[in-house]
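Enquirer: Residues per chain are reported as follows:
Protein chains: 2
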Amino acid sequence: MQTTISDLGERALIERITARLATPPWVVVGPGDDAAVVEPERGALDVFTTDVQVEGVHFDRRFVAPDAIGHRALAVNLSDLAAMGARPRAALLSLVLPDALDLDTIDQLMGGLLAVADAHRVAVVGGNISRSPGPLVVDVTAIGSVRRRRVLTRSGARAGDGVYVTGTIGDARVGLESLQRRADVNGHPAAVAARADTQVGPQEQRYLRPQPRVRAGLALAGHRAATACMDLSDGLADAVRQIAEASRVGIALDAAALPIADEVRRWHEGQRRDPVAAALEGGDDYELLFTSRPTNRGRLRGAQRALGTLPLTRIGIVTRERRLVVTSADGTRELPEGFRHFR
Amino acid sequence: MQTTISDLGERALIERITARLATPPWVVVGPGDDAAVVEPERGALDVFTTDVQVEGVHFDRRFVAPDAIGHRALAVNLSDLAAMGARPRAALLSLVLPDALDLDTIDQLMGGLLAVADAHRVAVVGGNISRSPGPLVVDVTAIGSVRRRRVLTRSGARAGDGVYVTGTIGDARVGLESLQRRADVNGHPAAVAARADTQVGPQEQRYLRPQPRVRAGLALAGHRAATACMDLSDGLADAVRQIAEASRVGIALDAAALPIADEVRRWHEGQRRDPVAAALEGGDDYELLFTSRPTNRGRLRGAQRALGTLPLTRIGIVTRERRLVVTSADGTRELPEGFRHFR
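Sequence order for the protein chains is H and L. Mapping to the numbering used here: the first sequence position 222 is 222, numbers consecutive. Just add 1000 to wherever you are in the second sequence, counting from 1, and you've got the numbering used here.
Derived from the structure by calculation, the hints contain no laboratory data. The beta-carbon is built from N, C-alpha and C at its ideal position, and this holds for glycine as well. Do not rely on the hints blindly, as some may be mistaken.
[What the hints assert, rightly or not] If we take Cβ atoms under 7 Å as the criterion, some of the chain L residues that face chain H in the derived model are:
1) PRO1024
2) VAL1028
3) THR1050
4) VAL1054
5) LEU1081
6) ALA1083
7) ARG1131
8) GLY1156
9) GLY1160
10) GLU1263
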């Protein structure tokens, strides 16, 4: 029989987790006291965000392996910091755990989370563990820093700015659909989760282990190349709408310019769906959408150079007229509504 | 029929909540962007803590009214800041909500949380809303500030220090038992929750709406009167054990000195329990346990003057011998284990 967390007890579980945490010198009091005490970064502002992963809502344990749950829980928060132009520094972890959860699952979940933390030099400085009478819940607060003049918000877009996106869009939705299909065909949960770990395709990996665009956010902020920025957690259509509303502008997208991978196009065509509409609506990509002033092309080139191979693609323009439209060879249509959690 | 949160939709719910939030001038970017941006307090360190309230684990909706859920969710976090000697500044709120939850419940929950925030000048600077397929979960991260030389930790107790506690202990446990008994007798959930709101006794109120000892923590830190400090979230026995372990010392408590209200004693005697053991083990009090050096009596008097009527009671002494004991007229016995979440 496997050891469950209720066999181990709360205190022993906390000790097991904190033993894996490294504490950098700017952490004055780390995990294990009533609260963490941290030196703010000199000359910078603090940036705070919180985002949760709930079993049955944000992930399905049939095909999301424990390390991917931990990976996603931190990555989605670092994506929010990236969208502000902030450098990640620290995180707090709140775990709400079903009694029957086995210790291996927790160890792997922490492994996935700490791998992302290490990759981005984030210190887990505190947290909390509680029982759950229902789903597994992993709630993370991420803490970063940004200089005042570099803060990226959603509200700075102006008519005439170009609209850009990092990387490719729509991959994670295809990855999720592919994982769901495999889970429905293959019955046994553990087998599918294990397979997801070893035989994942590139789109599935985009869903399971998204790479937050921290370097891109820092490059855009550092070169002051963006007028507004937001991450694509809820899809491109949603992000376009949010930036337009916050900035009181319109946005016109060019469907032909959208960076959609060939595999993603083929997947949707196989489902007899419009690939552009599907890519606009798909969530979980964690790319950055940003706007940039035409007079700042030099700054944008500077940011692009800092980013190496990650593509920055121009996909549209900010308009004075407050409409949200997509133009293709067929003509101009309204932007789809995008993903909504409570509907 | 009542309006549920799934009728309203996520975005409208976020707007409804953020409309109630005030943003002080040191908040550079408040709720509604990817993350909050906040000026750190000049010359101070940041203090971070997170604690969660889970339905069915930390509260029973039969007798904890929605405003009390919100009150407790923030208060337990402010209590952790108080134990570090920190001044609360900001909070992030993560709500995981069952679809069928009605809007009145959320409004009242937010009312309770914001009343505590106002009382302690805490700005809710960000948060997140998610669906729950199970229980209602309210997860809060609280952010405070403290000067480096004023930080209170668990690890500073030294042999010879006096052991002190604020207020009275064991009240919340009696309050919880009383509320549970009324709920078991009175069947209908809503009626009991409503009654809990209007006819609560003082112990019940201590459980439902604990007052975090923020002023006491600030006074102890400001007068540098404490060598170690911790809050009593999991009971006095647990806190004594934690401070002793972190400080590598023993603690001897004087049972006769414990500040236990007469009503609390009578309740336990009515249950044929030892009132001292029951008060030592009871959780949810949110008083502060601290140690103070005998040579610093003047500082402790200074802190006491700053606190007015809140009693600071000496309940024991820190010992070189690493044992945890309680001495009464019957003799000396080992400290009970205290509350354990996963057992």
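Enquirer: Next, verify each hint and record whether it holds.
Expert: Now for the hints, and whether the structure bears them out:
no. : hint    : in the structure
1   : PRO1024 : violated (14 Å)
2   : VAL1028 : holds (6 Å)
3   : THR1050 : holds (5 Å)
4   : VAL1054 : holds (5 Å)
5   : LEU1081 : holds (6 Å)
6   : ALA1083 : holds (4 Å)
7   : ARG1131 : holds (5 Å)
8   : GLY1156 : violated (11 Å)
9   : GLY1160 : violated (22 Å)
10  : GLU1263 : violated (29 Å)
Of the numbered hints stated above, those contradicted by the structure are hints 1, 8, 9 and 10, listed in ascending order.
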